[in-house]
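Enquirer: Read off the chains here:
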Amino acid sequence: MGGAVVREYRYIGKRIPPRDAFDKVTGIAPYVYDMELPGMLYVKLLQSTQPHARIKGIDYSKALSVSGVVAVATGRDFPFRIGIYVGDRDLLAIEKALWVGHPVAAVIAESPRAAEKALDLIEVDYEPLQPVFDPIEAMKPGAPLLHPDLGKYRISPAFKPRPGTNIANEFRLSKGDVDKGFSKASVVVEGEFSIPFMSHVYMETQAVIAHYKPNGYVDIWSSAQSPFSARYLLAMSLGMPVGRIRIHVPYVGGGFGGKAGLGWEPLAVMLSKKAGYRPVKLLFTRSEQMRLAPVVAGVKAWGKLGLDKEGRIVAYQARFIFDSGAFGDYTVNVSRTAGYACTGSYEVDNVECLSYAVYTNKIPTTALRGFGYPENHWVLERLIDMAAKKLGMDPAKVRSINLLKPGKSKTSTGARLREDAGDPQRVLEEVIGSLGWGREPSSTDKPWKIRAKGFALSVKGPSQPPDASSSAIIKFNEDGSVDVMVGTGNFGQGTVTSLAMIVAEEFGIPLDKVHVHEMRSTNDSAYTWQTVGSRGLFTDGSALLEAIKDAKSKIKRVASAVLRVSEDHLEIGDGKVYVKGKPWHYIPLERIVMGYLYENGNAIGGPIIGAGRHIAELNTFLDPETGQGTPTIFYTFGGTGVEVEVNVLTGEIKVVKAVQVFDIGKAINPLLVEGQMIGGFVMGQSRALYEELIFDEMGSVANPNLSFYYVARAKDMPDEWVLKIIETPQSDGPYGARGIGENVMIAVAPAIGNALYHGLSVDVRSLPLKAERVWRAIREQNPKLYKEALEAVKRSIRESYKKLREALVVAR
Amino acid sequence: MKVRFKVNGVEREIEVEPYELLADVLRERLGLKALKKGCWRGECGLCTILMDGEPVKSCIILAVEADGSEIYTVEGFSEDGRPSPLQESFIRNAGLQCGFCTPGFIVVGEYLARKPRISKEEVKYALSGTICRCTGYKQIVDAVLEAHQEYRKE
Amino acid sequence: MSSPYATLPEFEYARPSTLEEALKLLAKYGEEAKVLAGGVGLITFMLERLVSPRIVIDIKKIPELRRIEYTEGKGLVLGAAARISEITRYMDSNPRVREKYRALYEALSRIADLQIRNRATIGGNICEALPFMDSYAPLALFDAKLRIASVEGERETTITDFVKGPGFLDLAPNELLVSIELPDPPRESRSGFSKIVPAIEYSVASVAMLVANPVDPRSREVRIAVSAATPAPIRVREAEEVFRREGDIVDLLDAALDRMTSAIKELVIEDPYASAEYRLEMLKVQAYILFKRLLDSFLQERG
Ligand SMILES: Cc1cc2nc3c(=O)[nH]c(=O)nc-3n(C[C@H](O)[C@H](O)[C@H](O)COP(=O)(O)OP(=O)(O)OC[C@H]3O[C@@H](n4cnc5c(N)ncnc54)[C@H](O)[C@@H]3O)c2cc1C
Ligand code: FES
Ligand code: FES
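Chains as they are written, first to last, in my numbering: chain A, 1 to 812; chain B, 813 to 966; chain C, 967 to 1269.
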């Protein structure tokens, strides 16, 4: 370690189980799904049966006569639009229904049963309009328009919709001169790639309870990732003062980006008002979740990559068309991010990447863990392997030559990469080392099953506005324990545990003396912009460290008077404040944090509260023409390797070995970091191999359930795991740490795609790599392999038969 | 209709409609909120309970069908608020993240870990009727196997 | 399909304790009644409002319908309401029975998951009438007889006559499937089951196969049944017949499987989850691999 001083920590770096695990294994952890309020009503939404239609009338008189029904609302009740970046979304369809599933009416009733009965009695008169389902068709002039008023919607500064078209956002990254770049290339590869729509499948479906009170205050309980931005957007769109809205968030049953931004809170709030100021609960079944709540956009992409004869990338060009569905939501920003970060972990001087988010008459879409990076990596990381093969060079070598160099290189957006951004070269070495890249994969005992290896690298930082900020407050209790108030959400990523560990470490107190309340509320938790983009530990952790510093200096001020030494000579640790070098000269924290009492009854100080904050100081907007600027506070480098077993005859893929390597600066809690690496891998595997929302001819989701939309189960997980954490500390991260939550799934699909490419010489560019798709690719691209496998089976049948006959002869 | 059953060791008798689902009755009438629903139709396993000693999915069982049976939910495994050895093992191994699926896994896990013999491969398959979207399963499988060792010692 | 509903439609509930009582209720309510066995299918159908019966008749408490019995020479009798897990458990404790009906065992032990197998019944699986029900191919393979009863009397049928197509059974509203009888398979036979479940819960192509006396051209027998790829299960007799020709069994295999392909080609399902081309090829590929596995299992026992 080159003489560097390694500090011994009491908690940091230790494998500590999640703080909330007890609540979760015993089932006492509350989720919004579990909550009930006195007098609460239940909401049920009527879904459009038309993909694109004018709503001529809605007759709900029969529904109102069902016993237990309190009210029915339609789009006419809420004639305004909301949205995080593009204000395109209605609460209930206004005038037009935009997809099969679009909520057109809401029933509010005393019980779910009454609401469901009433739902069946509502009659809607539709005038069908021409729908458009394909994003490329939707971009063409003359295509049916979903949002003719796009030009009048409220738009956030970083976004560029094109009014009069279905383009919800257009982004362009342009650097150098691609034509000139390609003219220097020895090999050029290009290809079209696609990714289907998918569902987040967080296990707790959307759940929100809202109570609009007659005094003008609103209380909301929401299964949400971003209560503060939801509150702000809600206040703006409903014209209410921010401070009158309180959003409470208990445990959240998964989010993965799908519960970020503004969810169903506005509708619930308005329905509460409509129901005579009674609390209402909106809870989706899985089928509703997969037909009307935002899912993840499908992408059609194209990429072109040029290498010179040394393997250096001389130009890269890409185009991404995100099928946003009926609303833009986060997808406008996901598409923008895919564009500005299109060159991944590599330094490329000549780049042109275009990215669009396009409206179609399908279910709306939003963010997913990875936020545009899984999409752009699926293109780039596959193209690199294709180009390397064409050049006759090891793809690991090609990557090594082109990797970004911290302190030297400029990223795609032209910002210089900080010196302590991580060690991408080492990531690459660890991935190929652990995978045994270059060594033949082991063979199987079945001649029709082939093993193959592949890998890909990844990089990602949070995609947040430049002024995204966080804060933290800590306050002491009489027993010297600490209450931590942070805004970061708790959906199991482990941030809360890590934050508690930081507090325990800094004051040298036992971990169980640090309390983080399970319920976060906009009124009594410290502000954080959103819990997204793997930013929680970095930003809220930084704010927390500042709050700790603040509290420490307040403690020292009091202690300095008591111990009669200057503050500079005081130290805090082991639950004490003591004189440096004379630890026996101390005051226990519990005697000072609520005020110090002298023997004669005099008292000084008072309850200690520490406050801290964090804002990304040197970030910028991106240039609207070229996409250049500084968009992020850190980049985490990583890599994924896989060994897969492919059944050549059926196309089925089994992942036998997974390698995950990430340079996260510092693993505050390796146990939980590994949990992210494993969980993210399997989610990435699930997306790569199985997941796809299927649309019928009405653009309606045909598989809104977990039988026909398959997500990975325990039996699908890899047999062997290699998990490696590299720690190249980043000076402004808490203890040097960077985020990891999303990075873990980005490179999985390209790694598997590359394994097929190397091991079977088949090139599949569409996800998911479902058995039939792989089977078809093998038959079309490598028919010899298929034929040989079938022959091998037949041969082995003959061998078995021969043996059997011999055995019989012997027996006789 | 009257339903009489034993829930977490306690005899209960309640009046239900024939069309009420067992999961709803356990959650809403008996307050056993640890039980969750993630799919409403037998696919995700979050609503798993032990019924006469065997794991079943309570979202696709009528409450009236449970008449005369013995039922265990997560609430029945911890004694005096102390987690069971399996629950401890889930904590140690970090076999959970968001925790929404955890009650479902604990119920199947208790059933598996208490078997006289069980292999890793069997555990993987037996857990495949329950979905966890966060953990990637490895730490859950490890937790069950580790608890199995402990139960065997008992 | 799927629906937004979280509650069931309203219905009455009856729990007869004898077969006679159950049949009387069925006779009385006819189309307005629905039989409930494990409920795995019926309750989801009701949640989706595909059916809304006036009365649900729970047959689980009828002892006769829960039978699982094997008698040497007569075969295996399964009550319609015997649970999948009970059947596989019975077979696990009677390994000889398990090996006799290996294809059925392999199919049943891989239905859905642990929890569902603890509820679902063999009769419910048969009467759910969706192409991918895993009991179909093995029942066709073993020439299972289905006993159907009503107040008017009893009749016997086969799985291929009983299951007509998706959602379509040869079953009158007043009739009940009572039991399934599997005669003893040929002596010295081996059987197995194979399915493809490509990123969905259900099979898109299933094959059950039985081989007896493979090296003896006179006494050998090969049976093949398919399901999931076709709207209803099929016993592919055209392919089986090829093995009655002269020659070694391994020399006839290609011709038999080609015959299978041509015999069912027109019937194969095409949907977003698998093309007809893939399903058809998967039947063939699985048949080859299964055949090899069966030959090896003869060997293993000798070795
Ligand atoms: C998540 C999931 C996964 C699944 N995976 C598989 C799988 O891999 N393979 C597979 O084969 N199946 C699978 N299934 C389907 C499941 O196996 C069937 O739903 C189940 O076998 C039906 O049996 P049951 O006893 O629950 O039937 P029930 O739901 O009680 O009945 C089903 C139907 O049959 C009728 N019926 C039942 N018994 C009789 C009788 N004796 N006489 C006349 N009519 C009767 C009922 O009225 C109803 O219409 C899956 C189901 C789910 C929910
Ligand atoms: S809610 Fe019962 S299995 Fe999903
Ligand atoms: S821990 Fe979140 S679903 Fe399992």
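Keep in mind the hints are simulated off the structure, nothing from the lab.
Please note that the accuracy of each hint is not assured.
[Stated by the list, open to error] Simulated crosslink set (EDC-like; lysine to aspartate or glutamate; CA at most 20 Å straight-line): (1) C/Lys1250 with A/Glu780; (2) A/Lys802 with C/Asp1220; (3) C/Lys1250 with A/Glu652; (4) A/Lys715 with C/Glu1206; (5) A/Lys62 with C/Glu976; (6) B/Lys814 with C/Glu978; (7) B/Lys814 with C/Glu976; (8) A/Lys787 with C/Asp1217; (9) A/Lys794 with C/Glu1206; (10) A/Lys802 with C/Glu997.
Enquirer: Does each hint hold? Answer for all of them.
Expert: Going through the hints against the structure:
no.	hint	in the structure
1	C/Lys1250 with A/Glu780	18 Å, holds
2	A/Lys802 with C/Asp1220	17 Å, holds
3	C/Lys1250 with A/Glu652	16 Å, holds
4	A/Lys715 with C/Glu1206	35 Å, violated
5	A/Lys62 with C/Glu976	19 Å, holds
6	B/Lys814 with C/Glu978	14 Å, holds
7	B/Lys814 with C/Glu976	17 Å, holds
8	A/Lys787 with C/Asp1217	18 Å, holds
9	A/Lys794 with C/Glu1206	18 Å, holds
10	A/Lys802 with C/Glu997	57 Å, violated
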